[in-house]
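Asks: Chains as they are written, first to last, in the working numbering: chain A, 1 to 158; chain B, 1 to 495; chain C, 1 to 362.
Please keep in mind that the hints were generated in silico from the structure rather than gathered at the bench. Keep in mind that this is a model prediction, so the values were computed, not measured. Worth double-checking, as some hints may not be accurate.
[Unchecked claim] DMTMM-like cross-link-like pairs, simulated, lysine to aspartate or glutamate; straight-line CA separation at most 25 angstroms:
1. LYS59(B) - GLU48(B)
2. LYS301(B) - ASP275(C)
3. LYS50(A) - GLU212(B)
4. LYS217(B) - GLU77(C)
5. LYS225(C) - GLU48(B)
6. LYS301(B) - GLU58(B)
7. LYS70(A) - GLU49(A)
8. LYS50(A) - GLU77(C)
9. LYS228(C) - GLU48(B)
10. LYS151(C) - GLU30(C)
11. LYS58(A) - ASP275(C)
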Amino acid sequence: MSDETQNNAPVDDADRRGFLKIAAAGALGAAYAGMVGYPVYRYLASPIEKAAAEGAVKEVVLDHGLDTPKNSALMFQFGQKPAMLIHHEDGSWTALSAVCTHLGCTAGYDAAKKIIYCPCHGGQYDPHSGANLGGPPPKPLAEYKVRVDGGKVVVSRA
Amino acid sequence: MNYPVWDVPFIGSGWTIGIIAIIHVLISHFAVGAGLLLPVVEAKAVREGRTDWFPRLEKFSKFFLVLTGVFGAVTGVGIWFSIGLANPEGTSALIHNFVFGWAIEWVFFIVELSLAAAYYYTWNRIPQKTHLRLGWAYSIASWGTLVIINGILTFKLTPGAWLAFAGGGNESHHFWDAFMNPGYFPSLGLRTLACVSLAGIWGLVFFGGLPESDKTKPNLVSWSTRWVIPAYVLMPFFFAWYLATVPADHRELLTLGIGSAGAGTFSHVTRMALVSLVASATTAAAAFFFTWSSPGQFTRKQGLALLFLALVATGSTESVREFLRKPFVVNGYLYSNGVRVSGVATMNEKGYLASSPWTGNVEGADLPPGADVTGQRMFQGQCLSCHTLDGYRPLRHLLAGRDGKSIGNVLQMLHDHKADSPYRKFMPPLVGTPDEIAALRRYLDIQVNGKITWVPPPPKADSTKADSTRLVAVDTAKAKIDSAAKKDTAKVALK
Amino acid sequence: MRDTNVFKWLDERIGLAALMEVATHKTVPEHKHSFWYYWGGISLFFFTVMCFTGVLLLMYYRPGPAAYESVRQITTEISFGWLIRSIHSWSANLMIASIFVHMLSAFFLKAYRRPREVLWFTGMGLLGMAMIFGFSGYLLPMDDLAFFATKVGLAIPGVVPVVGPFISDLARGGPEISAYTVSRFFALHVVILPALFIPVLMAHLALVQKHGMSLPESEQDKPEKERKSIPFFPNFAMKDMAAWLVALNVLALLAACFPWPLGPAADPLKSAPMDIHPEWYFMSQFQILKLFGAWFPGEIGEFLGLGLINAGIVLWLLVPFFDPERRAGLWGRRVTWFGLFVVAVLVITTIWGYAVLPAAAG
Numbered sequence: 001m002s003d004e005t006q007n008n009a010p011v012d013d014a015d016r017r018g019f020l021k022i023a024a025a026g027a028l029g030a031a032y033a034g035m036v037g038y039p040v041y042r043y044l045a046s047p048i049e050k051a052a053a054e055g056a057v058k059e060v061v062l063d064h065g066l067d068t069p070k071n072s073a074l075m076f077q078f079g080q081k082p083a084m085l086i087h088h089e090d091g092s093w094t095a096l097s098a099v100c101t102h103l104g105c106t107a108g109y110d111a112a113k114k115i116i117y118c119p120c121h122g123g124q125y126d127p128h129s130g131a132n133l134g135g136p137p138p139k140p141l142a143e144y145k146v147r148v149d150g151g152k153v154v155v156s157r158a
Numbered sequence: 001m002n003y004p005v006w007d008v009p010f011i012g013s014g015w016t017i018g019i020i021a022i023i024h025v026l027i028s029h030f031a032v033g034a035g036l037l038l039p040v041v042e043a044k045a046v047r048e049g050r051t052d053w054f055p056r057l058e059k060f061s062k063f064f065l066v067l068t069g070v071f072g073a074v075t076g077v078g079i080w081f082s083i084g085l086a087n088p089e090g091t092s093a094l095i096h097n098f099v100f101g102w103a104i105e106w107v108f109f110i111v112e113l114s115l116a117a118a119y120y121y122t123w124n125r126i127p128q129k130t131h132l133r134l135g136w137a138y139s140i141a142s143w144g145t146l147v148i149i150n151g152i153l154t155f156k157l158t159p160g161a162w163l164a165f166a167g168g169g170n171e172s173h174h175f176w177d178a179f180m181n182p183g184y185f186p187s188l189g190l191r192t193l194a195c196v197s198l199a200g201i202w203g204l205v206f207f208g209g210l211p212e213s214d215k216t217k218p219n220l221v222s223w224s225t226r227w228v229i230p231a232y233v234l235m236p237f238f239f240a241w242y243l244a245t246v247p248a249d250h251r252e253l254l255t256l257g258i259g260s261a262g263a264g265t266f267s268h269v270t271r272m273a274l275v276s277l278v279a280s281a282t283t284a285a286a287a288f289f290f291t292w293s294s295p296g297q298f299t300r301k302q303g304l305a306l307l308f309l310a311l312v313a314t315g316s317t318e319s320v321r322e323f324l325r326k327p328f329v330v331n332g333y334l335y336s337n338g339v340r341v342s343g344v345a346t347m348n349e350k351g352y353l354a355s356s357p358w359t360g361n362v363e364g365a366d367l368p369p370g371a372d373v374t375g376q377r378m379f380q381g382q383c384l385s386c387h388t389l390d391g392y393r394p395l396r397h398l399l400a401g402r403d404g405k406s407i408g409n410v411l412q413m414l415h416d417h418k419a420d421s422p423y424r425k426f427m428p429p430l431v432g433t434p435d436e437i438a439a440l441r442r443y444l445d446i447q448v449n450g451k452i453t454w455v456p457p458p459p460k461a462d463s464t465k466a467d468s469t470r471l472v473a474v475d476t477a478k479a480k481i482d483s484a485a486k487k488d489t490a491k492v493a494l495k
Numbered sequence: 001m002r003d004t005n006v007f008k009w010l011d012e013r014i015g016l017a018a019l020m021e022v023a024t025h026k027t028v029p030e031h032k033h034s035f036w037y038y039w040g041g042i043s044l045f046f047f048t049v050m051c052f053t054g055v056l057l058l059m060y061y062r063p064g065p066a067a068y069e070s071v072r073q074i075t076t077e078i079s080f081g082w083l084i085r086s087i088h089s090w091s092a093n094l095m096i097a098s099i100f101v102h103m104l105s106a107f108f109l110k111a112y113r114r115p116r117e118v119l120w121f122t123g124m125g126l127l128g129m130a131m132i133f134g135f136s137g138y139l140l141p142m143d144d145l146a147f148f149a150t151k152v153g154l155a156i157p158g159v160v161p162v163v164g165p166f167i168s169d170l171a172r173g174g175p176e177i178s179a180y181t182v183s184r185f186f187a188l189h190v191v192i193l194p195a196l197f198i199p200v201l202m203a204h205l206a207l208v209q210k211h212g213m214s215l216p217e218s219e220q221d222k223p224e225k226e227r228k229s230i231p232f233f234p235n236f237a238m239k240d241m242a243a244w245l246v247a248l249n250v251l252a253l254l255a256a257c258f259p260w261p262l263g264p265a266a267d268p269l270k271s272a273p274m275d276i277h278p279e280w281y282f283m284s285q286f287q288i289l290k291l292f293g294a295w296f297p298g299e300i301g302e303f304l305g306l307g308l309i310n311a312g313i314v315l316w317l318l319v320p321f322f323d324p325e326r327r328a329g330l331w332g333r334r335v336t337w338f339g340l341f342v343v344a345v346l347v348i349t350t351i352w353g354y355a356v357l358p359a360a361a362g
């Protein structure tokens, strides 16, 4: 009796055993990959997480912002990204993000042409509004709010 | 401080419970798991006509009876002794709340042990069917003991609806609220799965000792491995469920150790969780790889290596579970040092030692010169439950480099227990009158620095309030300025 | 499986069938000393962990003046940085310990005999390089322990007459340990040593494949019929995997329960701590040099001690020539006694070295 019950099932049994072995090995492999992978991922992504936390920066105080001469720009860091404070000929101030909207290069102020120019691919922006005037950039530069507080310039998110 | 304090050198009273309890879990979960494995395997042997298995299974049930009946019982009672000595308030709370639960647990224990003995001694002496029935009866009784103790264990972390009735005087009327708490079912699932796995591991330990020439060995070893592995497939789901029932602020303890594991960071839970995950996976994986290709050549040494891994997995997991509950013994009701949440205000007003019978000088109290017994009693009552001076979590080391003023700042932070205090996540508030706290500060100053290194300045002459409260006001103001300026390692590390 | 399309595709391009022939026909002897067969693989496992965690640390470590600050950031700010560093340091110690176990078991089971002499030489080369890996890596965090331990260690080549001080200066990149030393040790640890270690390791493994596992004398005594062996794949390979997993678990346990500490930044103007000493695998040499320096006047003593240590290493290296094959026992036994003597010296001087350390301050 036992012989027959055993002989009837060998193929199915072997297949099932093989599948179970592979399933078990796969599950264990996935567990190890996860256990090793999670700390490694958090480790490598740590600066990204920190930057995101710092990206919560709401405003920046520029102690010597008022010293910026006319028709020039002061480059500074807003959180993790570069930004510029422009003192126009007519005395007005504009603060813009300096991250070019084309491929992320840092754009600069061209005093001679009185325009914002990105050297990477020739993008051009209006220094008063950040609007994209020419070249490849598809969008204007992000604008920040500027105010003077106790002799210092305070730049904050719009 | 209604009870005397148990000072265990080096490891502390907490870990005394821990060591006994971890060994108990290793054996008791085996008892439940093997209680299921034995009748299942016996039924399989009968069904497939493998009568050559019976002598080995009989020997295994003898091993099982001795291990669980002797060491399981001894460590189980050991837990009773050690918790009663280490935390009488907590033990009292559990006893009073679950009176009939405990009684029923003991009934199940007696039934379980009797059936285990009967199962072994009646092998080949009574009809097969009856013997099998004994085995099934055992597994039900054994799982019953888990079903009951699980309610009491999970109550401590998630008291659930019971908390609304805490302190009302009729807590034991709300037995079912306490027993059927949010953590009950996920924990029951996890523990049952752990029992099944441990049955497989102990089976591997036992059957690994069969000689290679034994033709039943490959089957019995493979069979044991099959019990180890499936649990790991289901555990993640129950674990996710369990984590969801853990209160959010306690769950956060898991992440405290991600940024740093340095001194001042409470990284224990993170680190033990990592060990628990790796050890659990390794236990299953090693069992799998050791027995895949040639189960007949599996040795007892390999089985013992697996048992060691299982011990590490069990110890670290239970450690994580316990530490998740900090600073409570019953979450939201009773702190680890025996102070009730409801009693904090009274103790702050009337004094921690106001109702304590242990306040006077006792012969051989081991007081260092210059310290007073109030400071020592404050230390023993509120600190010794989790710290030692030179051993586990040593205060001499943790407070090293701090003078009396700085120690006072820490104590003030602990006393104020503000929402942004870095200690709040894992330490109870320090209770007592300002005089008692000052006595504790002096006691710790002497223990850490060998002498009093700071004396608070005398209060101004035109004070209308009592001297001691005025001192506290000055201290607090200074503490606020000082603790902001000082490099507080705990704050820096936890930022 | 061999008639599936996938198999045929792979076989045509990479010779899969031939590879599988090797794997399935290779056998490993199975006897009461088989336990020692795993230790080479365990050493290899720890080395793999070193490479993996080392590359991860490389992402944030800055050699030069910012070294300490970068390690401080890794340990206290980067998520799981403390864990990567803890595993790297613990695995280093476990790797060297398992290489010692591997070497000593190969020695006492006489696996250096013909035709495996080159395995012995390459193995010794690997051990030497592993210890230099350890020494160079130890300095990189630039905390005061690293600084002073390296200072004390670099004094050792300095005792060689005439060229000694120059060698030490060259290693240091100057008369004192500075940012130049860190850069130099970094280049050694991350580029030079791996470039040397990996080819020698490959040669070592290839030779193991070629010669197979050696049989201890007790097995050789048995008639062929009574000797047991198991196929490498899957039997031994599976057990090897299990051993690696146990090693991984021990490593995780140590790294999580005893996280590697970071002391205060190195301050060359501070005096060395009272109990300064190198890591455990250099303690034996450290203590021998101390002893000889005390027994003999001036620098002669330390030079003598160094000479003796080197003579011992050379003898150890040449053991396959003293005992090249199994004969009527004479040289075989002498070599075994020599081995026991060396183990005794290593163990005793290491324990002695720790015992005589003055109590640490504070």
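Asks: Please go over all the hints and tell whether each is borne out by the structure.
Replies: Evaluated hints:
Straight-line distance between C-alpha atoms of LYS59(B) and GLU48(B) comes to about 20 angstroms, which keeps the hinted pair within the 25 angstroms bound. A hinted pair counts as satisfied when its Cα atoms are at most 25 angstroms apart, and LYS301(B) with ASP275(C) does not qualify at roughly 40 angstroms. For a cut-off of 25 angstroms, the pair hint linking LYS50(A) to GLU212(B) is broken: about 58 angstroms separates their Cα positions. A distance of roughly 52 angstroms separates the Cα atoms of LYS217(B) and GLU77(C); the hinted pair therefore is violated under the 25 angstroms criterion.
Distance check on the hinted pair: LYS225(C) and GLU48(B) sit about 36 angstroms apart at the alpha-carbon level, beyond 25 angstroms; violated. As the CA atoms of LYS301(B) and GLU58(B) are separated by approximately 22 angstroms, the hinted pair is consistent with the 25 angstroms bound. Simply put, LYS70(A) and GLU49(A) have alpha-carbon atoms about 38 angstroms apart, too far for the 25 angstroms limit, and the pair is violated. As the CA atoms of LYS50(A) and GLU77(C) are separated by approximately 10 angstroms, the hinted pair is consistent with the 25 angstroms bound.
Taking the CA atoms of LYS228(C) and GLU48(B), the gap is near 32 angstroms; set against the 25 angstroms cutoff, the hint is violated. Under the criterion of a C-alpha separation no larger than 25 angstroms, the hint pairing LYS151(C) with GLU30(C) is inconsistent with the structure, at around 47 angstroms. Between LYS58(A) and ASP275(C) the CA atoms are separated by roughly 51 angstroms; this puts the pair beyond 25 angstroms, and the hint is violated.
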